[in-house]
Amino acid sequence: MSAATAPARSPGRDLRRKLRLVVPPLVDAGARLIAHPRVRDLYPEYLFTSHCVIRASVPLMETARDRARAGAASDPVCALIAPYLEEHIGEEADHDAWLLDDLEVVERPRAEVLARPPVPAVAALVGAQYYWVLHHHPVALLGYIGLLEGFPPSPGMIEDLRARTGYPADAFRTLVAHAELDPRHGDELFELVDTLPLTPEQSAVMGLSAMHSVQMYARALEDVIADVEGA
Amino acid sequence: MSYQKEGQRDRRALEALAIVASAIGEPKARQRIKADRRGGISAALAREKREISDLPEDVVAFFEGLSEDELETLGKLQETMLAARDKGFPSLAEDVEVNPLHTLAKL
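Heads up: the protein sequence lines correspond to chains A and B, in order. The first sequence begins at 38 in our numbering and counts up by one. The second sequence begins at 656 in our numbering and counts up by one.
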């Protein structure tokens with residue numbers, strides 16, 4: 038193929054493709070959780086795991102924003118992602134509090150949730166992001182955000198969960214909000230990635246972050262299922 | 656291009672993609688692809704009587720753009736990729752029919 042007809046590079050499309058290639062285990066884990074005969078027991082545990090992830094979202098983005106600001110003068114990628122993160126921090130603020138409200142509905146008091154140690158799979162999921170952001174480059178976090186906002190729960194999944202668990206609609210407010218908000222947030226993220234003058238190394242660490250996140254989130258959901266089955 | 660021909664092309668693209676994904680899961684084939692992306696992909700496809708031209712050019716470019724670390728990670732996710740093929744999950748070729756994927760993951 039000649040250079041004239043070579044397809045234009047699209048880092049956002051490439052990130053979506055990397056995610057599509059590896060996301061099936063996470064889709065499967067979610068489907069297994071929803072179809073499980075003990076889904077009523079699983080749902081509060083899933084909400085707890087989800088809270089462990091979401092409580093870290095704003096602090097993680099603040100860390101990445103600060104790193105990006107510090108490098109912005111000499112790094113065009115940092116200069117572009119810092120304002121994106123600043124805006125997105127505002128959009129994700131208080132979502133952890135929403136989840137605590139949902140957890141109260143399924144009889145998990147917030148004091149109990151906040152006192153409970155987060156599970157290792159979530160520490161591995163979120164902790165890896167801190168490592169990449171602090172010790173390599175804040176662009177890594179976009180792989181994580183691409184996963185968490187690029188494949189949101191569908192309204193049908195949430196309705197299925199509600200019907201199968203028998204919990205009231207108030208126990209699903211955070212899921213419903215994310216089903217509504219995340220498609221736009223996901224599009225914005227991939228559009229941003231398309232504008233970034235990424236080096237091969239920056240593109241690679243974003244891809245690795247995305248792939249690692251799929252593995253760890255799927256493991257966290259599988260642990261939820263295994264723990265309830267073993268109880 | 657007629658609808659029928661377009662469907663045949665998409666099917667060949669999906670089959671070619673599954674072959675490449677499977678090859679990335681095999682250590683020897685993965686090493687060859689790491690050393691020479693286009694040559695390794697062509698060799699993997701030739702073993703199954705397919706050609707690199709069965710893949711959309713931008714999908715080939717996508718594989719060419721993967722780092723060695725990303726290829727290694729993908730290789731370790733062989734089961735993932737085989738499951739993706741067996742369960743009819745969406746392909747990398749965006750001109751092939753894509754079903755939306757939904758998870759329980761949230762930021």
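Keep in mind the hints are simulated off the structure, nothing from the lab. These figures come from a predicted structure and were not determined experimentally. Any given hint could be a false lead.
[To be verified] Taking beta-carbon pairs under 10 angstroms as the criterion, some of the chain B residues facing chain A (in silico):
1) A676
2) A701
3) E725
[What the hints assert, rightly or not] Residues on chain B that point at chain A, a partial pick, calculated with CB under 8 angstroms:
4) I707
5) G720
6) S722
7) L729
8) G730
9) L732
10) L756
11) K761
12) L762
For glycine and all other residues, C-beta sits at the position ideal for the given N, C-alpha and C.
Results of checking the hints against the structure:
1. A676: Result: holds, 7 angstroms to nearest chain A Cβ.
2. A701: violated, 19 angstroms
3. E725: holds, 5 angstroms
4. I707: Because about 11 angstroms separates I707 (chain B) from the closest Cβ in chain A, which is outside the 8 angstroms limit, the hint is violated.
5. G720: holds, 6 angstroms
6. S722: holds, 3 angstroms
7. L729: Interface hint status for L729 (chain B): holds (7 angstroms vs cutoff 8 angstroms).
8. G730: At 11 angstroms from the nearest chain A Cβ, G730 (chain B) fails the 8 angstroms test, so the hint is violated.
9. L732: holds, 6 angstroms
10. L756: holds, 5 angstroms
11. K761: At 5 angstroms from the nearest chain A Cβ, K761 (chain B) passes the 8 angstroms test, so the hint holds.
12. L762: holds, 4 angstroms
This entry does not satisfy hints 2, 4 and 8, going by the numbered hints stated previously.
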